[in-house]
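Chemist: So the chains spell out like this:
Number of protein chains: 2
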Amino acid sequence: MGTVGTGVIRIVQDSADLLAARTGRPIAISAVSARTRNKDRGVDLTAYGWEDDPVALAKRGDVDVFVEVVGGSDGPAKAATEAALAAGKPVVTANKAMLAIHGQALAELAEANGAPLRFEAAVAGGIPCIKALTEGLAGNNITRVSGVMNGTCNYILTRMENSGLPYEDIFKEADALGYLEADPNLDVGGIDAGHKLAILSAIAFGTQVDFEGVQLQGIQEVSIDDIRRAGDMGYRIKLLGEARRTDAGIEQSMRPTLVPATSPLGQLEGGTNMVVIEGDAVGQIVLRGAGAGEGPTASAVMGDVADIARGLHIPPFGQPAASLAPATRAAAVTECAHYLRLALRDEPGALARVATVLGQAGISIDRMRQYDHPGTDAPVLIVTHPCAPAALAAALEGVTATGVVSGAPVALQIQTP
Amino acid sequence: MGTVGTGVIRIVQDSADLLAARTGRPIAISAVSARTRNKDRGVDLTAYGWEDDPVALAKRGDVDVFVEVVGGSDGPAKAATEAALAAGKPVVTANKAMLAIHGQALAELAEANGAPLRFEAAVAGGIPCIKALTEGLAGNNITRVSGVMNGTCNYILTRMENSGLPYEDIFKEADALGYLEADPNLDVGGIDAGHKLAILSAIAFGTQVDFEGVQLQGIQEVSIDDIRRAGDMGYRIKLLGEARRTDAGIEQSMRPTLVPATSPLGQLEGGTNMVVIEGDAVGQIVLRGAGAGEGPTASAVMGDVADIARGLHIPPFGQPAASLAPATRAAAVTECAHYLRLALRDEPGALARVATVLGQAGISIDRMRQYDHPGTDAPVLIVTHPCAPAALAAALEGVTATGVVSGAPVALQIQTP
Numbered sequence: 001m002g003t004v005g006t007g008v009i010r011i012v013q014d015s016a017d018l019l020a021a022r023t024g025r026p027i028a029i030s031a032v033s034a035r036t037r038n039k040d041r042g043v044d045l046t047a048y049g050w051e052d053d054p055v056a057l058a059k060r061g062d063v064d065v066f067v068e069v070v071g072g073s074d075g076p077a078k079a080a081t082e083a084a085l086a087a088g089k090p091v092v093t094a095n096k097a098m099l100a101i102h103g104q105a106l107a108e109l110a111e112a113n114g115a116p117l118r119f120e121a122a123v124a125g126g127i128p129c130i131k132a133l134t135e136g137l138a139g140n141n142i143t144r145v146s147g148v149m150n151g152t153c154n155y156i157l158t159r160m161e162n163s164g165l166p167y168e169d170i171f172k173e174a175d176a177l178g179y180l181e182a183d184p185n186l187d188v189g190g191i192d193a194g195h196k197l198a199i200l201s202a203i204a205f206g207t208q209v210d211f212e213g214v215q216l217q218g219i220q221e222v223s224i225d226d227i228r229r230a231g232d233m234g235y236r237i238k239l240l241g242e243a244r245r246t247d248a249g250i251e252q253s254m255r256p257t258l259v260p261a262t263s264p265l266g267q268l269e270g271g272t273n274m275v276v277i278e279g280d281a282v283g284q285i286v287l288r289g290a291g292a293g294e295g296p297t298a299s300a301v302m303g304d305v306a307d308i309a310r311g312l313h314i315p316p317f318g319q320p321a322a323s324l325a326p327a328t329r330a331a332a333v334t335e336c337a338h339y340l341r342l343a344l345r346d347e348p349g350a351l352a353r354v355a356t357v358l359g360q361a362g363i364s365i366d367r368m369r370q371y372d373h374p375g376t377d378a379p380v381l382i383v384t385h386p387c388a389p390a391a392l393a394a395a396l397e398g399v400t401a402t403g404v405v406s407g408a409p410v411a412l413q414i415q416t417p
Numbered sequence: 001m002g003t004v005g006t007g008v009i010r011i012v013q014d015s016a017d018l019l020a021a022r023t024g025r026p027i028a029i030s031a032v033s034a035r036t037r038n039k040d041r042g043v044d045l046t047a048y049g050w051e052d053d054p055v056a057l058a059k060r061g062d063v064d065v066f067v068e069v070v071g072g073s074d075g076p077a078k079a080a081t082e083a084a085l086a087a088g089k090p091v092v093t094a095n096k097a098m099l100a101i102h103g104q105a106l107a108e109l110a111e112a113n114g115a116p117l118r119f120e121a122a123v124a125g126g127i128p129c130i131k132a133l134t135e136g137l138a139g140n141n142i143t144r145v146s147g148v149m150n151g152t153c154n155y156i157l158t159r160m161e162n163s164g165l166p167y168e169d170i171f172k173e174a175d176a177l178g179y180l181e182a183d184p185n186l187d188v189g190g191i192d193a194g195h196k197l198a199i200l201s202a203i204a205f206g207t208q209v210d211f212e213g214v215q216l217q218g219i220q221e222v223s224i225d226d227i228r229r230a231g232d233m234g235y236r237i238k239l240l241g242e243a244r245r246t247d248a249g250i251e252q253s254m255r256p257t258l259v260p261a262t263s264p265l266g267q268l269e270g271g272t273n274m275v276v277i278e279g280d281a282v283g284q285i286v287l288r289g290a291g292a293g294e295g296p297t298a299s300a301v302m303g304d305v306a307d308i309a310r311g312l313h314i315p316p317f318g319q320p321a322a323s324l325a326p327a328t329r330a331a332a333v334t335e336c337a338h339y340l341r342l343a344l345r346d347e348p349g350a351l352a353r354v355a356t357v358l359g360q361a362g363i364s365i366d367r368m369r370q371y372d373h374p375g376t377d378a379p380v381l382i383v384t385h386p387c388a389p390a391a392l393a394a395a396l397e398g399v400t401a402t403g404v405v406s407g408a409p410v411a412l413q414i415q416t417p
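If you're matching them up, the sequences are chains A and B in order. For the first sequence, position 300 matches number 300 in full-length UniProt numbering, and the numbering has no gaps at all. For the second sequence, position 138 matches number 138 in full-length UniProt numbering, and the numbering has no gaps at all.
Among the hints, a few may not be true.
[Stated by the list, open to error] Facing chain B, according to a computed beta carbon distance under 7 Å, are these residues of chain A, among others: (1) A21; (2) A138; (3) V282; (4) G289; (5) G295; (6) L312; (7) A322; (8) P326.
[Claimed, not checked] Listed next, with one range per pair, are the computed distances between beta-carbon atoms: (9) A261(B) x G311(A): 44 to 50 Å; (10) A394(A) x A261(B): 43 to 49 Å; (11) G311(A) x D247(B): 31 to 37 Å; (12) T246(B) x G42(A): 26 to 32 Å.
[As the list claims (entries may be wrong)] On the chain A side, residues computed to face chain B include the following (Cβ under 7 Å): (13) A132; (14) G136; (15) I285; (16) V286; (17) R288; (18) P296; (19) A298; (20) S299; (21) R310; (22) I314; (23) S323.
Hints are computed from structural coordinates only; laboratory data are not their basis. What you are looking at is a predicted structure, and each value in this text was computed from that prediction instead of being measured. Where a beta carbon is used, it is the ideal one built from N, C-alpha and C, also for glycine.
Kindly produce the complete structure, drawing on both the sequences and the hints.
Modeler: So this is what it looks like as structure tokens:
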């Protein structure tokens, strides 16, 4: 009964006739559960049963479908979800953390008990991307799924760009506006978006969900200068997720990435999300919409509820959990151009040392520019030709070892088309 | 067994394991039918049965699902679809003309015989927009569906803009490239796109499909000058479909429309389609992808086949055909700004006459510009403030009646946000 739960109640109350017409049966709330009972949520709950314990709610005899919008990978959300599935009851959840970490076990439990487990609301808010991937594009070998899936990070990056203010200031602003999770690292560290990507990746490639296999890089290191310089080159910086099927295995990453400013991804503002799916038959499909909020998330929950009411019953990840292979990880193998920012010490030959080390590591430089430096360290911006991220990481260790740069170089990928 | 049929065969052959894993059962071709049997289509058909008559194919005992990719609103496509449905067999079709004209009768036939009838491929090629609207967004009161749904028209308009060549030249080019339907008016007259919009509109608003209620305006009158002048004002011209629920009823139109060049719709190039759905809970969802072609259309067909194999069975238009109300037409009531092009006779006071007539009709002018005129008629461009299209049409009759303009004024709508 937080924001999303309230949105679900609102739809059930306001659109009862519509839901009945579309699903062929009445959809009604039996009972609800929340941490505090007496709180004005703007919806009337007096007609519904009440349970203090969500597990008790999940087990109630008059509950046909259990909707879990508590959040958190473990704790009451998981306990109640397991209780409902064990009782053979369909579950609809918005819980990306739970799915990303316990998705395989929950899918097995759901299938063993013949209960649907659906989670459209867990990824990209109101965008029906899980349905598109699992059902609409079921005839495709999916080759790549990418997208911007964390509205808070996109808000911070957009606001930095528009205001010219540094990360720290905008972070505080987002916090004051209530945009950040209780643990902000879930947002700015890319974890929340990584959870979502891992879920999409499992469905796309028919593997067990492998959140640990997502290469994570947060937006904390993105400076206002990076945003400006990327802009000068025609790019914007987005927290971009990429999941690809490669010959070496599944590659998953969630990291700040330079995308062309004029591309659909580059034009995203604020809390809008975008999911891009590429399949062998369909080519590229782009889906865009609100990534969070009461209405959009409740819309996704209710789409799943309607599916269940209509009798749709497919395995949670699109094929039986037992047939999902463990994901073979192929981290950072796809070559791409990189944006590098170094702080060069004011020593003769320093830039040559950096260039030499990169060249010896096989990293080819596309552009290099040294900026004015009021202090002792000169900011240097380098754009590389496409190279394997792993090779670049090794090369940057070599650059650091030269002793001619201050601190760790910042490396951001430039999206490959 | 044209382009789309060949694509379907290819997916079934190449992705048999994938389809079996995802749907839980093998998917195989029993038999095929086409106008000519001995033709190299690039796929091996020797393992399949053959029927000269598609109706016989639809009735075969070893056919569980009938896939209709013949096209045409009547004739063999309709006969075979009816035969399959009458026999209780699920039908998957890509046939927008048939659905737009006979959708209600076919839905009633399908439901009476307990057979699914699915048609994702009929609208916007590979974009799973019917699934999004019918299922994913089932919790929403849909308020508006819009989009660019005819790749050929978008190709012609884009090519005119890029080449600076007039409509007639690019029309011939598109014809030579095989982009046009046998009756080109289906494309350039907006009929094909109108069929698609009528299907989406029926699902969105829970009404009987009402193609006759779509206000149609083709792209034939769009001149290269219109494209240039729209561009000067920051717009591009797209054949845009709009379906809205208004207090007066359902408003459907398919017409060349000025859209902001920087908007998602304004950035569409060539054969790409876009469908924009607005719902009370979800806000705005934008879906983009290839609108035609073997792979994308076959992807949509196979998504429907997979749904049927997985046991999904919902009414064709999302709710029982008997519950779909006839669409109350509210044509051209939503106010919008307009772009007008007139050829003004070289007479004293001519422009004043036009302005006076428009003003008397309550049409307020935002901008007006008279261009150089080497001949006797001066091109005049007018942008109006928002007004009802019906009021503008009446006003333009008054303008024509003044006798100070040559030919009929060209009026294009400017999209409202």
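Chemist: A separate judgement is required for each hint: does it hold in the structure or not?
Modeler: Evaluation of the provided hints:
no.	hint	result
1	A21	5 Å, holds
2	A138	4 Å, holds
3	V282	4 Å, holds
4	G289	4 Å, holds
5	G295	4 Å, holds
6	L312	5 Å, holds
7	A322	11 Å, violated
8	P326	16 Å, violated
9	A261(B) x G311(A): 44 to 50 Å	45 Å, holds
10	A394(A) x A261(B): 43 to 49 Å	44 Å, holds
11	G311(A) x D247(B): 31 to 37 Å	35 Å, holds
12	T246(B) x G42(A): 26 to 32 Å	28 Å, holds
13	A132	5 Å, holds
14	G136	3 Å, holds
15	I285	4 Å, holds
16	V286	4 Å, holds
17	R288	4 Å, holds
18	P296	5 Å, holds
19	A298	6 Å, holds
20	S299	4 Å, holds
21	R310	5 Å, holds
22	I314	5 Å, holds
23	S323	6 Å, holds
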